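Protein sequence lines, in the order shown, are assigned to chains U and X. Residue numbering for the first sequence follows full-length UniProt numbering, beginning at 1 and increasing consecutively. Residue numbering for the second sequence follows full-length UniProt numbering, beginning at 1 and increasing consecutively.
Simulated from the structure, these hints should not be mistaken for lab results. Keep in mind it's a predicted model, so treat the numbers as computed, not measured. Here a beta-carbon is modelled for each residue, glycine too, at the ideal position from N, C-alpha and C. One thing to keep in mind: the hints can contain errors.
As the list claims (entries may be wrong) - DEER-style ranges, computed between Cβ atoms: (1) A25/U x V98/X: 30 to 40 Å; (2) A104/U x A76/X: 22 to 32 Å; (3) K28/U x G18/X: 25 to 35 Å; (4) G114/U x N20/X: 33 to 43 Å; (5) S31/X x P24/U: 38 to 48 Å; (6) G26/X x Q86/U: 49 to 59 Å; (7) D96/X x S31/U: 18 to 28 Å; (8) P24/U x V98/X: 50 to 60 Å; (9) P24/X x K84/U: 50 to 60 Å; (10) G26/U x S74/X: 44 to 54 Å.
Claimed, not checked - Using 25 Å as the maximum straight-line C-alpha spacing, the simulated PhoX-like pairs for lysine-lysine come out as follows: (11) K39/U x K70/X; (12) K39/X x K84/X; (13) K70/X x K70/U; (14) K43/U x K70/X; (15) K43/U x K43/X; (16) K70/U x K43/U; (17) K39/U x K43/X; (18) K70/U x K39/U; (19) K15/U x K39/X.
There are 2 protein chains.
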Amino acid sequence: MDTDNTATSVISSDKVTGTNVYNPAGDKLGSIETLMIDKISGKVRYAVLEFGGFLGIGTDRYPLPWDSLKYEASHAGYVISLSKEQLEGAPRYARDVVPEYTDAYGRRVYDYYGVPYI
Amino acid sequence: MDTDNTATSVISSDKVTGTNVYNPAGDKLGSIETLMIDKISGKVRYAVLEFGGFLGIGTDRYPLPWDSLKYEASHAGYVISLSKEQLEGAPRYARDVVPEYTDAYGRRVYDYYGVPYI
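Next up, chain U with everything else stripped away, as it sits in the complex:
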């Protein structure tokens, strides 16, 4: 994830969550709800985008590979190279139906965004 030009190379998780996500056209897609971290390696596997709904009702969650997000200071948020239509076909789940984040699931998610699953 490319982020803003701060002096340090790290960012705190609470600055990532809640940050808006836009497509390249500038449409707001949603915001980052949480990060899913690989327990062993400590690597952030997914930034989970909350999208749609109203006041948290009926929203879907989209796990995005960390590397698919780029910070844009002009938006004060992340930009992902994806149209709204592409996002609608992306792997997602309802708030209360969190999938098992298996390797197979991870590969499917990463493949969708064209990011190598390592």
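Given the coordinates of chain U, assemble chain X onto it according to the supplied hints.
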């Protein structure tokens, strides 16, 4: 970080933050305030322990290497192999004086906990 025996290999950042941290004797050291993530690699560099103080006043922050924490279901929290005395000598900063997380700083933190800085 070893964590609980869930079916999946990932854990959400909001389940890590707020979790208590204990030493092996069972003394509560504090709780995880936030995670510091390497922007490029997406790796969690530090889980930041909030320790001491009262109602958030006068607390210090201790960056801990992710690999130094082990989840213990019996404590419903993380355990770090460190006495209170060792913790008192550990790298720390006041809430409002966040250091630049440079490589040199990271090496000092990791060295203190005996974890390789990669």
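Evaluation of the provided hints:
1. A25/U x V98/X: 30 to 40 Å: Since A25/U and V98/X have Cβ atoms about 35 Å apart, the given range 30 to 40 Å holds.
2. A104/U x A76/X: 22 to 32 Å: holds, 30 Å
3. K28/U x G18/X: 25 to 35 Å: Holds, at about 28 Å.
4. G114/U x N20/X: 33 to 43 Å: Check passed, 40 Å falls within 33 to 43 Å.
5. S31/X x P24/U: 38 to 48 Å: At 39 Å between Cβs, range holds.
6. G26/X x Q86/U: 49 to 59 Å: holds, 51 Å
7. D96/X x S31/U: 18 to 28 Å: holds, 26 Å
8. P24/U x V98/X: 50 to 60 Å: The hinted range 50 to 60 Å is violated for P24/U and V98/X, with Cβ atoms some 32 Å apart.
9. P24/X x K84/U: 50 to 60 Å: holds, 51 Å
10. G26/U x S74/X: 44 to 54 Å: holds, 50 Å
11. K39/U x K70/X: holds, 10 Å
12. K39/X x K84/X: violated, 31 Å
13. K70/X x K70/U: Outside the cut-off at roughly 32 Å; violated.
14. K43/U x K70/X: Holds, at about 16 Å.
15. K43/U x K43/X: holds, 4 Å
16. K70/U x K43/U: Satisfied, since the Cα-Cα distance of roughly 17 Å is no more than 25 Å.
17. K39/U x K43/X: holds, 11 Å
18. K70/U x K39/U: holds, 24 Å
19. K15/U x K39/X: holds, 12 Å
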